[in-house]
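Chains as they are written, first to last, in the numbering used here: chain A, 364 to 708; chain B, 364 to 708; chain C, 364 to 708; chain D, 364 to 708.
Honestly, the hints are just simulated from the structure, not real lab data.
Certain hints may be false.
Identical copies look the same in the list; a pair holds intra-copy or inter-copy alike.
Said to hold, decoys possible - Using 30 Å as the maximum straight-line C-alpha spacing, the simulated DSS-like pairs for lysine-lysine come out as follows:
#1 Lys632 x Lys664
#2 Lys385 x Lys634
#3 Lys676 x Lys385
#4 Lys516 x Lys385
#5 Lys634 x Lys516
There are 4 protein chains.
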Amino acid sequence: MVSFENDYNTGAHPEVLRSLLKTNGEAQTGYGADRWCAAAAEKIRMACQSPEADVEFLVGGTQTNAVVIASLLRDWEGAVAAETGHIAAHEAGAIEYTGHKVLTLPQHEGKLDPGELGAFLAAFHGDDNREHMVWPGLVYVSHPTEFGTLYTKGELSAIRDLCRNYGMRLYLDGARLACGLMCREGELSLPDLVETCDAFTIGGTKCGALCGEAVVFPRHGRPPHFINAVKKRGALLAKGRLLGVQFDALFTDDLYFRIGAHEAEAAEKLKGIFREKGIPLWLDSPTNQQFVELEDRQVEKLKEKIAFSFWEKTDERHTVIRFVTGWSTTAEDLEALRSALDELR
Amino acid sequence: MVSFENDYNTGAHPEVLRSLLKTNGEAQTGYGADRWCAAAAEKIRMACQSPEADVEFLVGGTQTNAVVIASLLRDWEGAVAAETGHIAAHEAGAIEYTGHKVLTLPQHEGKLDPGELGAFLAAFHGDDNREHMVWPGLVYVSHPTEFGTLYTKGELSAIRDLCRNYGMRLYLDGARLACGLMCREGELSLPDLVETCDAFTIGGTKCGALCGEAVVFPRHGRPPHFINAVKKRGALLAKGRLLGVQFDALFTDDLYFRIGAHEAEAAEKLKGIFREKGIPLWLDSPTNQQFVELEDRQVEKLKEKIAFSFWEKTDERHTVIRFVTGWSTTAEDLEALRSALDELR
Amino acid sequence: MVSFENDYNTGAHPEVLRSLLKTNGEAQTGYGADRWCAAAAEKIRMACQSPEADVEFLVGGTQTNAVVIASLLRDWEGAVAAETGHIAAHEAGAIEYTGHKVLTLPQHEGKLDPGELGAFLAAFHGDDNREHMVWPGLVYVSHPTEFGTLYTKGELSAIRDLCRNYGMRLYLDGARLACGLMCREGELSLPDLVETCDAFTIGGTKCGALCGEAVVFPRHGRPPHFINAVKKRGALLAKGRLLGVQFDALFTDDLYFRIGAHEAEAAEKLKGIFREKGIPLWLDSPTNQQFVELEDRQVEKLKEKIAFSFWEKTDERHTVIRFVTGWSTTAEDLEALRSALDELR
Amino acid sequence: MVSFENDYNTGAHPEVLRSLLKTNGEAQTGYGADRWCAAAAEKIRMACQSPEADVEFLVGGTQTNAVVIASLLRDWEGAVAAETGHIAAHEAGAIEYTGHKVLTLPQHEGKLDPGELGAFLAAFHGDDNREHMVWPGLVYVSHPTEFGTLYTKGELSAIRDLCRNYGMRLYLDGARLACGLMCREGELSLPDLVETCDAFTIGGTKCGALCGEAVVFPRHGRPPHFINAVKKRGALLAKGRLLGVQFDALFTDDLYFRIGAHEAEAAEKLKGIFREKGIPLWLDSPTNQQFVELEDRQVEKLKEKIAFSFWEKTDERHTVIRFVTGWSTTAEDLEALRSALDELR
């Protein structure tokens with residue numbers, strides 16, 4: 364069945380796979396000390412235009428969020444996130460498991476509002492009881508968000524300024540960063556993230572890798588003894604080369620950016636098809652996650668031909684569903700969707 | 364350089380790689396709900412001769428130990444291990460990070476002694492102060508151990524009996540299980556482990572996979588809501604197929620057992636070479652980790668030709684070094700070692 | 364200065380103090396195994412009309428909430444609370460420190476709305492992604508709430524029914540329970556709590572003890588090995604008698620209820636004074652916490668004569684302040700407040 | 364029955380009680396911000412001859428150990444202790460609950476040996492695998508130890524030097540410090556501890572308080588946001604005055620030292636009685652814990668008249684039992700013991 368279920372339902376991009384094959388026989392030291400991790404880190408530093416960036420590789424997104432956030436927070440601090448932020452809603456309490464609270468603020472199409480954040484921080488620091496409360500120590504943003512939306516340069520700068528004023532760190536979860544970087548509306552580049560964030564991730568899993576997230580700590584900002592922190596949380600991969608080889612491939616010949624552009628382009632075509640069929644977008648997402656509202660009976664029928672994700676019920680008779688494009692989305696997939704939508708009438 | 368550094372320094376076994384290639388384009392549901400995880404679990408149940416076994420797949424060894432042990436322990440309990448047990452010594456405190464103590468007993472070539480374990484448990488339960496102490500709730504054994512040694516059937520049964528008497532669980536870390544199953548001295552089969560343990564792992568990383576450990580919970584013994592427990596600890600892989608496909612390959616045409624046999628056979632040849640050169644084994648390991656003691660100057664010289672691991676200094680002038688055979692160890696590797704040893708004289 | 368700052372700013376009620384004096388010289392076993400803890404537990408069982416209740420004593424409120432909630436939750440569960448619930452807002456992340464999330468719902472004068480709770484639970488259990496989410500395992504209510512308000516019998520029953528339907532536990536934080544039991548509007552008795560809750564606390568600190576909270580687990584519901592759980596979290600008091608003697612005194616000759624009645628009566632008089640002076644109550648609290656809104660300049664002036672707590676700014680020129688009555692509040696204190704208010708005009 | 368069971372089986376010393384009575388009616392701010400905590404801290408600074416010392420008050424010993432150690436350790440570090448150290452053996456895993464390992468070394472009459480500690484630290488830092496291990500970040504010593512023994516000035520200095528060399532902190536658990544300071548063999552004074560340690564406790568519970576431990580952080584060494592750390596771990600007392608008033612009394616007119624001297628003197632008399640009766644001391648403890656070995660049948664008989672603690676079985680027919688003197692031990696108690704021992708013949 365043609366699938367728009369998510370961007371991690373197929374295996375690795377052919378160029379990533381080719382690198383894995385080519386290097387398979389090499390004997391490499393374990394735990395990330397291999398030459399491929401070194402090479403990939405160097406290529407990422409180049410792409411970020413930042414020789415001072417520390418780059419580390421972990422296996423999965425929730426794992427990465429938990430390890431990095433726990434390493435950046437101090438004992439008395441928590442992480443501020445939108446109520447729909449991945450760490451707040453869909454990581455089974457992984458941040459709380461590290462002993463830190465997630466402090467939530469309202470979401471606006473998945474994003475934090477800098478004004479609301481500022482008001483929250485001012486109120487907290489004006490509260491006499493703050494010794495009885497969790498201190499906001501870090502802001503978590505996802506970019507693109509869980510709704511596919513993007514922060515503007517101005518918004519992220521405003522959040523960064525608040526963080527600096529209040530002695531907080533800014534962490535950006537880039538699980539789907541490739542598409543965020545390459546879509547038409549994307550204002551933020553890798554060098555922008557280096558300038559703005561204290562840490563950010565470059566997601567591999569949703570961009571053609573079998574697994575893997577790169578973490579960038581600008582300005583030599585890697586927490587001390589980070590490998591111990593990773594190991595202690597069960598996140599240190601023995602064959603670290605698996606991550607190094609894949610990220611080396613992703614940052615060779617601009618593959619990471621080509622995949623992002625492909626995802627964005629396929630998403631634009633998807634939007635075109637929905638528009639053409641008179642199906643309203645539930646949200647105007649500029650990236651590879653698209654949300655439309657259909658009648659329940661249409662959802663049932665479409666399901667027979669096309670795989671997608673259930674998002675939420677909006678009323679008794681309507682449901683929002685999500686379509687995601689990925690590195691493996693083809694023109695044929697889009698055509699199959701078009702035909703299936705035709706049959707809904 | 365020819366490497367005996369460890370059994371995870373090369374990539375995937377060709378048959379595993381072939382399966383990854385063949386299935387790469389398939390769209391599969393994420394998080395372990397794909398058809399390959401299901402198929403691999405079924406094949407492992409067959410190999411275990413146990414239709415009632417629950418089988419789960421995780422990425423790495425330390426991660427698996429922490430998730431499984433935390434899921435099997437109750438709040439007031441800790442895990443008993445030999446002082447050299449992997450969880451006690453080389454996991455950066457990952458068990459303690461779950462909030463549980465590791466209670467250590469002396470090691471005997473890496474193994475727990477059932478008699479000492481029994482005495483410890485009797486003393487604990489005779490102590491009036493046990494409400495102020497951590498209760499031994501689980502016994503952790505590694506098989507093969509960190510020294511390559513193996514439990515006999517009698518030893519493991521004795522430990523199992525103690526566990527049952529005292530209401531404890533028995534967990535076996537099989538990171539290098541393949542070789543333990545297939546070497547000449549190995550008394551324990553997969554069905555034996557099903558009969559004896561409450562949980563055990565079948566290590567993939569050190570047996571030809573890029574990553575991955577299978578966990579077997581005999582008698583439908585998987586802890587409730589195990590996926591939540593995995594996710595909460597950052598250990599749930601998005602492209603779960605990566606684990607499913609690899610374990611499906613490992614349990615197709617007895618590949619897992621063939622690799623184990625290859626490792627054991629290569630280790631026997633290794634021992635033969637050391638014997639032939641008059642180099643004494645520091646320990647009589649029946650599996651793919653071999654330890655020899657050399658003069659420091661010999662170690663320095665050998666290092667130029669052959670990669671191995673430093674183990675420990677025994678005195679001012681001598682060092683124990685470790686050699687490990689893996690799926691990718693070849694006759695040529697062994698020959699290269701023989702020549703390098705010749706030059707030590 | 365006359366103080367309405369809170370209900371724990373003076374020492375122990377004279378009858379409690381007298382018991383401490385009288386028993387001071389007795390040699391008693393430590394850690395709660397003394398005869399006074401046993402006697403106090405028995406008296407509480409009598410007051411609860413429940414011979415099957417387990418009763419334990421801890422030192423402080425946040426500590427008790429953390430220990431009890433962690434003991435009642437399973438690994439994959441979190442605690443549901445109103446966003447203003449003490450565990451959500453003012454315990455410095457003590458629940459998250461146990462590794463569990465606090466799931467917040469809107470507050471209505473400090474209370475959870477059973478209808479909203481039901482909708483939340485239905486939505487959660489209808490979500491396909493719940494393996495990636497924290498399961499609601501327990502409902503936390505405070506009674507009186509942080510705003511002094513009370514649950515009705517109907518409301519608490521409705522919450523209890525939801526808990527039973529969804530396999531959850533119901534925990535009631537009774538830090539200020541005495542006043543909640545004895546005020547005019549209080550519908551719920553100790554036997555009602557036994558019938559409704561899986562655990563509840565009988566606060567001592569805010570009711571005339573130097574420290575101490577009793578925890579009642581109806582129907583022999585104490586979690587197994589509870590003392591280990593208490594000790595592990597640093598909450599086991601060596602001279603447990605300190606808690607036993609005090610609770611024994613509080614449950615002798617109805618002292619606990621007399622203090623609650625005194626607090627409620629003093630609060631009614633407080634309300635009368637505010638009404639008389641034309642100062643609007645910000646909230647209609649039936650218990651010993653009262654909230655009024657004043658102009659900032661009035662607040663400044665009043666502060667010179669009377670101690671109270673800042674609650675929140677409502678606009679540029681107004682502030683809500685809190686007055687609390689306690690066991691030691693006297694007619695003179697109330698009169699002093701009346702005079703001070705007169706001077707505000 | 365006459366009791367030598369422990370030093371916390373009776374209530375508060377009369378002078379402590381008198382202070383509690385005298386201050387009972389005062390309205391004081393909560394959570395340690397009262398004037399008595401301030402006064403007590405100042406008196407302790409005087410006794411320590413250290414105006415730069417930060418002083419904090421907590422309720423109990425295990426709680427204090429856990430809060431302080433967790434605050435002094437960094438994420439990748441653990442605490443080194445003798446295998447019989449309180450945190451290693453008798454705190455139900457409270458340190459592990461904070462996510463940190465206790466690294467144990469052999470005990471010598473309850474003490475760490477500086478030489479063995481030095482060898483352990485040298486070996487750790489020479490190990491290539493230390494990224495997979497828990498870093499020793501703090502040394503925990505108890506003084507007096509769990510066996511009543513004391514560190515010499517030379518021993519503690521040697522440990523302190525190791526800590527400084529390896530970037531570690533030194534923490535001394537003074538649960539029974541009073542007696543350690545005042546007994547004949549005690550070499551270490553409060554100013555010595557200020558000079559040597561990064562943090563140490565002055566135990567109140569075992570020295571005439573109802574509860575309470577003072578923590579001293581020399582050289583303004585209190586960890587930042589310590590109150591949040593205390594609150595987060597459920598250890599912040601609402602009526603903090605309870606601790607302030609008691610420690611103020613203990614450090615008025617040298618009460619703390621008088622109690623310590625009384626305990627030591629009573630212990631000397633105890634030793635004299637055992638010597639006189641020909642009962643061998645199992646261990647030569649200079650402080651208020653004394654250990655003797657008796658035949659089991661003698662233990663049974665003695666138990667009818669005198670309360671003491673079981674320590675350990677030494678063989679089939681002998682048992683070590685512990686006698687402890689406290690602030691409330693009287694000449695009559697000692698006489699009663701003498702008579703009871705007479706009857707054992």
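Right, here's what the structure says about each hint:
1. Lys632 x Lys664: This pair counts as within: shortest intra-copy Cα distance 22 Å, inter-copy 63 Å.
2. Lys385 x Lys634: neither (38 Å within a copy, 32 Å between copies)
3. Lys676 x Lys385: Neither, since 47 Å and 38 Å both go past 30 Å.
4. Lys516 x Lys385: Neither, since 40 Å and 43 Å both go past 30 Å.
5. Lys634 x Lys516: Classified as within; 24 Å inside a copy, 53 Å across copies.
Checked against the numbered hints given earlier, the structure breaks hints 2, 3, 4 and satisfies all the rest.
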